[in-house]
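Number of protein chains: 2
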Amino acid sequence: MKVKGILFVVSAPSGAGKTTLSKKVTESVNDIYHSISHTTRPPRPDEINGKHYHFVTENIFERMINGGEFIEWALVHGNYYGTSMRNLEILEKEKKDLLLVIDVQGAEQLRRKFKGGCYIFILPPSMKILEKRLQKRGVDHDNDIKKRLKTAEEEIHHYKTYDYTIINDDIDEAVNQLKSIIFAERCRYPNTIPELPDLKL
Amino acid sequence: MKVKGILFVVSAPSGAGKTTLSKKVTESVNDIYHSISHTTRPPRPDEINGKHYHFVTENIFERMINGGEFIEWALVHGNYYGTSMRNLEILEKEKKDLLLVIDVQGAEQLRRKFKGGCYIFILPPSMKILEKRLQKRGVDHDNDIKKRLKTAEEEIHHYKTYDYTIINDDIDEAVNQLKSIIFAERCRYPNTIPELPDLKL
Chain A
1 MKVKGILFVV
11 SAPSGAGKTT
21 LSKKVTESVN
31 DIYHSISHTT
41 RPPRPDEING
51 KHYHFVTENI
61 FERMINGGEF
71 IEWALVHGNY
81 YGTSMRNLEI
91 LEKEKKDLLL
101 VIDVQGAEQL
111 RRKFKGGCYI
121 FILPPSMKIL
131 EKRLQKRGVD
141 HDNDIKKRLK
151 TAEEEIHHYK
161 TYDYTIINDD
171 IDEAVNQLKS
181 IIFAERCRYP
191 NTIPELPDLK
201 L
Chain B
1 MKVKGILFVV
11 SAPSGAGKTT
21 LSKKVTESVN
31 DIYHSISHTT
41 RPPRPDEING
51 KHYHFVTENI
61 FERMINGGEF
71 IEWALVHGNY
81 YGTSMRNLEI
91 LEKEKKDLLL
101 VIDVQGAEQL
111 RRKFKGGCYI
121 FILPPSMKIL
131 EKRLQKRGVD
141 HDNDIKKRLK
151 TAEEEIHHYK
161 TYDYTIINDD
171 IDEAVNQLKS
181 IIFAERCRYP
191 NTIPELPDLK
201 L
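If you read the sequences in order, they're chains A and B.
Per this note's numbering, the very first residue in the first sequence carries number 1; after that it's consecutive.
Per this note's numbering, the very first residue in the second sequence carries number 1; after that it's consecutive.
Next up, chain A with everything else stripped away, as it sits in the complex (with noise of 0.2 angstroms):
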């Protein structure tokens, strides 16, 4: 029997895939859902409103952070991203795990706030094909990317304080870890109870 659902909090540093490695596995694993979160930054041509994030502007952001909307918010990069406490109402209502894809600030919010919860940090194999990751992206001017790479290097020294850390090398070796990981923690006591009657446990 389960409880309530698992919070997969998934932290990693731009470049190093967590969007694709999170996508693949929600689509593929059953009975977890995608995290959508709110941001401020403007869409990239493949990113749908509603689907990939809530985009809004800065003035509703703010808004959300004065009327207590997000259990976790934080300004990278000049933009605004936050997850709302509506998002975890499906643990406790329905019962489904969530995944959800935040930065380290986020987390450590999170942790603080939120009770329970699995940490996970995806790491680049090296720094050198983070950024090379990034210039393939394409979305970003060179000074964005020198930027983000400084902010990656601060980041990736906080894989220690996450419960699992996974190599982002291969991306189906990533995703086989990251759906090992969601199937282990649901096979912790008390995430999910036995529901054994005959056995009186």
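Hints should not be assumed to be uniformly reliable.
With a cut-off of at most 25 angstroms between alpha-carbon atoms, the simulated BS3-like pairs for lysine-lysine come out as follows [to be verified]:
no.: 1; chain 1: B; residue 1: Lys23; chain 2: B; residue 2: Lys4
no.: 2; chain 1: B; residue 1: Lys24; chain 2: A; residue 2: Lys179
no.: 3; chain 1: A; residue 1: Lys115; chain 2: A; residue 2: Lys96
no.: 4; chain 1: A; residue 1: Lys179; chain 2: B; residue 2: Lys23
no.: 5; chain 1: A; residue 1: Lys136; chain 2: B; residue 2: Lys200
no.: 6; chain 1: A; residue 1: Lys136; chain 2: A; residue 2: Lys24
no.: 7; chain 1: B; residue 1: Lys179; chain 2: A; residue 2: Lys24
no.: 8; chain 1: B; residue 1: Lys2; chain 2: B; residue 2: Lys179
no.: 9; chain 1: B; residue 1: Lys200; chain 2: A; residue 2: Lys132
Hints are computed from structural coordinates only; laboratory data are not their basis.
Starting from the known structure of chain A, arrange chain B on it as the hints suggest.
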């Protein structure tokens, strides 16, 4: 980089399928060995000395106890079962993982003496199925089966003291769950420390 091997400890009542499950998993997962226990119980027809158990006499077993050669040992249904210290050397020496199948008494001794380790409890789906499995196995007399069921009822209450619980209803699903636990634990810091010199972790 693997600092040292991980010790996976599997407990379950007789007939819950721990032997089949552990065998299937160690056969299909890389870099994990099945620990071979010592016992004074007579071998079953299909069991090979040195492969399934080290079958020894009571005299030898008791000499080993007195010599401090066991990290854990227990007397179960009139037979001795124990894990020699030598079994665990592989963790440090070869940095390979070790899967150890022991009863709840043995697991309690291990927790006190061995730092770290990942504890997994296998539950049968019901007492009726457990009884059927013991009858089907055909190695125990009716009285022995009753004794094993009585012990099982006591043992299963310990499941909450383990890190993970697997309900062995469908063997393939149970195998996948145990594999997931192994893969997930390998992603845990400090079980494994990422060896990525370029990231300056």
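A quick look at each hint next to the structure:
1. Using a Cα cut-off of 25 angstroms, the hinted pair B:Lys23 and B:Lys4 holds, with the two alpha carbons roughly 22 angstroms apart.
2. Using a Cα cut-off of 25 angstroms, the hinted pair B:Lys24 and A:Lys179 holds, with the two alpha carbons roughly 20 angstroms apart.
3. This hinted pair checks out: A:Lys115 and A:Lys96 have alpha carbons roughly 16 angstroms apart, not beyond 25 angstroms.
4. About 23 angstroms separates the Cα atoms of A:Lys179 and B:Lys23, which keeps this hinted pair within 25 angstroms; it holds.
5. Our distance criterion of 25 angstroms between C-alpha atoms is met by A:Lys136 and B:Lys200, whose separation comes to about 24 angstroms.
6. Under the criterion of a C-alpha separation no larger than 25 angstroms, the hint pairing A:Lys136 with A:Lys24 is consistent with the structure, at around 20 angstroms.
7. Restraint check: the Cα-Cα separation between B:Lys179 and A:Lys24 comes to about 20 angstroms, which is no more than 25 angstroms; the hinted pair holds.
8. Proximity of B:Lys2 to B:Lys179 is assessed by CA-CA distance (about 18 angstroms); at most 25 angstroms being required, the pair is judged to hold.
9. Proposed proximity of B:Lys200 and A:Lys132 is supported: the alpha carbons are some 18 angstroms apart, at most 25 angstroms.
Comparing the model with each numbered hint stated earlier shows that all of them hold.
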